[in-house]
Amino acid sequence: MFGFRRWCLLALSAASLLCVDAKSSTGDSVLVVVDPNNQDKYSLFFDGLKDSGYKLTFRSPKAEKPVVIADDVPNFDHVILLAPEARNLGKDITPQSIVQLLSLNTNVIVTLPTKQSPLHSLAAEFGLILPPPGSPLISYFPQRDTPSSLIPIPVEDHSSPALTKHIEPVWFSGIPQALSTNPLLIPILRAPAESFASETLVTSGSADALVESAEKGGEGLWAGSALNAVTGFQATNGARIAFVGGAEVFSDELAQKEVAPYVKSGNADFSREVAAWTFQENLVLRIDGVEHHLAHENSTVAKEQYTNNDNVVFSAYVSKWDAKQGKWEPYSGLKDLQLEFTMLDPFIRTALPPVRATPGKYSTTFRAPDRHGVFKFIVDYKRKGWTSLQSSTTVPVVPPRHDGYPRFLSAAWPYYAGAISTSVAFLLFSTAWLAGEARDRSSRKAKGSKAE
Amino acid sequence: MIFSPVAVLLLAASAVQASVLTLQSPKFVVTDALGSQLRAEPFSLVHRTGTPVKLEAKDTLKITFQVVDKEDGKGVQPHQTFIRFFDPSTGEEGIQPIRVTGGGKAKFELNPSKPPLYLPPTSTEPLKVSLIIGTPNYDPITVRLFDLILPASQPAPTHPDEASFHVRPELHHTFRPDQKLPPKAVSLFFAGLTFAPWVVLIGLWSQVTPRLTHLFSPSILPFILSLVAFESLLLTYWVKLRLGEVLLYGAGLGLVTIFTGRQALSSISSLRKD
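Protein chains in written order, with the numbering used here: chain U, -15 to 436; chain W, 3 to 276.
To be clear, the hints were calculated from the coordinates, so they are not data collected in a lab.
Do not take every clue at face value.
[What the hints assert, rightly or not] DSS-like cross-link-like pairs, simulated, lysine-lysine; straight-line CA separation at most 27 Å:
| id | chain 1 | residue 1 | chain 2 | residue 2 |
| --- | --- | --- | --- | --- |
| 1 | W | K242 | U | K200 |
| 2 | U | K149 | U | K308 |
| 3 | U | K200 | W | K72 |
| 4 | U | K200 | W | K76 |
| 5 | U | K360 | U | K319 |
| 6 | W | K109 | W | K64 |
| 7 | W | K107 | U | K200 |
| 8 | U | K311 | U | K34 |
| 9 | W | K64 | U | K200 |
| 10 | W | K76 | W | K64 |
| 11 | U | K34 | U | K99 |
| 12 | W | K242 | U | K287 |
| 13 | U | K287 | U | K308 |
| 14 | U | K319 | W | K116 |
| 15 | W | K76 | W | K29 |
| 16 | U | K200 | U | K34 |
| 17 | W | K109 | W | K72 |
| 18 | W | K109 | W | K29 |
| 19 | W | K76 | W | K60 |
| 20 | U | K368 | U | K345 |
| 21 | U | K308 | U | K360 |
[What the hints assert, rightly or not] Sample of chain W residues lacking proximity to chain U, with all beta carbon distances greater than 12 Å (derived):
| id | residue |
| --- | --- |
| 22 | T83 |
| 23 | T103 |
| 24 | E172 |
Every residue, glycine too, gets a C-beta built ideally from N, C-alpha and C.
Just need the whole structure built from these sequences, with the hints factored in.
Okay, here's the thing in structure tokens:
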């Protein structure tokens, strides 16, 4: 009775209900600020998020509710601002409130408009340098029949830590961002080398305008592969924000457009990867615990204090969020974790290699310095794109006790010989005196008899 | 008349075929500070100049060409005429637009003594120089011209926190060297020296043997034994005991020694009174 197509759709929807693709480590509720007229343009992206288990709440830019922050408590775990053409996004979404959202550990995806808007000053706060308003990224390469402002950008594998799988070329339309040297910025999609930011309407004076702006100095020319189309920023508390140069990257039209004959664009995969990184599904680590104890003892109970020159074993347990299963799994893949033993300045910095027998455990043994004082075991792991691991354990190191020094040295043998000789001689003498015969009797008798 | 599909296709094809640009009299010249020419060569869009161009601190590199339409030879001012310096080992890049007149004549000059801001910092590899020309309605051109070797420059400035995002150098603590002890033979010799009085004592005792007649009498032996016990307590304290323990044992032993001592000394004094 049912047609074949309906059976297929039914099976697909059942399958999508059963497999929850990937979950975020910080929560499921997402607020999407998008113009209701444009909401259908991004239906593939939203459906992808819903299939993964996110609960989307849509809000028009003109609406006041639902509020993102109420009484310093965020109402949503993630926010997507997909309305670049709106002049203002509501009273509660301002650059200051977005920064406050990040400090409250809420992740944000921001799409930047081509014309001037408060989001430009937000981007400047994060070290992004935007071109003048009205100059999107254009490129005449490769030769194609789309307008010069719609650029297919090839994505190299491992070009960005945030992209974990191979992605076909991505159609991009929007503004580029130049990055400052802040190491918390992560390039997600670099602009091609032949692209540059310019007005889309090319007149006879455009070429001269380019040369003039470049000779002006400062940030004169936005061009080349140093620019980024999509940039991420990982805050020190773990919250992530992604700046996307234009909202069309997420649109259905570009997701289904072909980059090469019979090759669909990577826009759908790319949008999902950007959401996965920003919403803390991928590249999320945490330290479950640390422990330390003396090396030569069998017990693993932590000592309250160590002595100079002790051999100390330090272990850290690290987990990674597994998005597919939705839980924290021990992770032994960190190759360059380091431990610092610090008193004001690091005294010792060694590698913390993973232990093969226990997944997620990293351990090393080192010799405590011969300076006494209050030291800290510091694990401070920061890498671009990954959450930072910070752990600090304070432990005193005391000088040896009076009987902690090396004893029975070979240089002391004469003294041992002398002291033991004295004790033995005393015993012998006292034995001789106590047990010996008193000869006074006979001599006194003799003397006494003599005196008489 | 019905347009045949083939005719429509042909029309479309001719409209789509964009025009091609080419460069007329492209050449680059390297002159030194005094003005004499070190190297003057034409470059081409089809094959790369083999030998790298080396610029000393006071030299000047001049690149001139004219952009013309290939079909009718008329000069074209492209929207985008960029020269790109790229260092593949560090990923640093510098891009500069070349000023092109309305007739398509372009001139570019580079003097390392007045380095422009866009030049990337140098590394061990030469910079790859390419030309990028793009404009609407024409085929775009991107072509590698030659490699450029510049005088060494400072490295690119980095953020002060950048080092903490990579593996940092290992630090080791230099410990005080272990205590040096004199050779064991010397210690043995001097230990032997301390035994010298024993030799004298043993020698003298061989002459005058003390007689221990009351050694095993029950009034004296316990005292001797408690003295031996005290000395062994002292030895044990030196080896492994703590002060609290030794005071405890010493108190017990002391109590015993008081009684045995009184007994022993009173028996000796009574022995000696008679």
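Status of the hints after comparison with the structure:
Distance restraint check for K242(W) and K200(U): the Cα-Cα separation of roughly 83 Å exceeds the 27 Å cut-off, and the hinted pair is therefore not satisfied. A distance of roughly 15 Å separates the Cα atoms of K149(U) and K308(U); the hinted pair therefore holds under the 27 Å criterion. Proximity of K200(U) to K72(W) is assessed by CA-CA distance (about 33 Å); at most 27 Å being required, the pair is judged violated. For the hint pairing K200(U) with K76(W), the CA-to-CA distance comes to about 31 Å; that exceeds 27 Å, so the pair is violated.
With a C-alpha separation of about 22 Å, the suggested pair K360(U) and K319(U) falls inside the 27 Å cut-off, and the hint holds. Between the alpha carbons of K109(W) and K64(W) the distance comes to roughly 7 Å, so the proposed pair stays at or under 27 Å and holds. At roughly 22 Å between alpha-carbon atoms, K107(W) and K200(U) fall within 27 Å of each other, so this suggested pair holds. Distance check on the hinted pair: K311(U) and K34(U) sit about 19 Å apart at the alpha-carbon level, within 27 Å; holds.
Taking the CA atoms of K64(W) and K200(U), the gap is near 21 Å; set against the 27 Å cutoff, the hint holds. The suggested pairing of K76(W) with K64(W) holds, with an alpha-carbon distance near 23 Å, which does not exceed 27 Å. For the given pair, K34(U) sits about 31 Å from K99(U) by alpha-carbon distance, which is inconsistent with the 27 Å threshold. The suggested pairing of K242(W) with K287(U) holds, with an alpha-carbon distance near 23 Å, which does not exceed 27 Å.
A threshold of 27 Å between alpha carbons decides the hint, and for K287(U) with K308(U) the separation of about 39 Å lies outside it, so the pair is violated. Between the alpha carbons of K319(U) and K116(W) the distance comes to roughly 44 Å, so the proposed pair goes past 27 Å and is violated. Distance check on the hinted pair: K76(W) and K29(W) sit about 19 Å apart at the alpha-carbon level, within 27 Å; holds. At most 27 Å may separate the alpha-carbon atoms for a hinted pair to count; K200(U) and K34(U) exceed this at roughly 48 Å.
A C-alpha spacing of about 20 Å is found between K109(W) and K72(W), which places the hinted pair at or below 27 Å, so the restraint holds. Pair hint K109(W) plus K29(W) holds up; C-alpha atoms about 10 Å apart against a cutoff of 27 Å. Between the alpha carbons of K76(W) and K60(W) the distance comes to roughly 37 Å, so the proposed pair goes past 27 Å and is violated. Proximity of K368(U) to K345(U) is assessed by CA-CA distance (about 22 Å); at most 27 Å being required, the pair is judged to hold.
Of the pairs offered as hints, the one joining K308(U) and K360(U) is violated, with about 36 Å between alpha carbons and a cut-off of 27 Å exceeded. The beta carbon of T83(W) is not kept farther than 12 Å from every beta carbon of chain U, the shortest such distance being approximately 7 Å. The Cβ of T103(W) does not lie farther than 12 Å from every Cβ of chain U; its closest approach is about 9 Å, which violates its non-interface assignment. Interface exclusion of E172(W) from chain U breaks down, the closest Cβ pair being 5 Å apart, not more than 12 Å.
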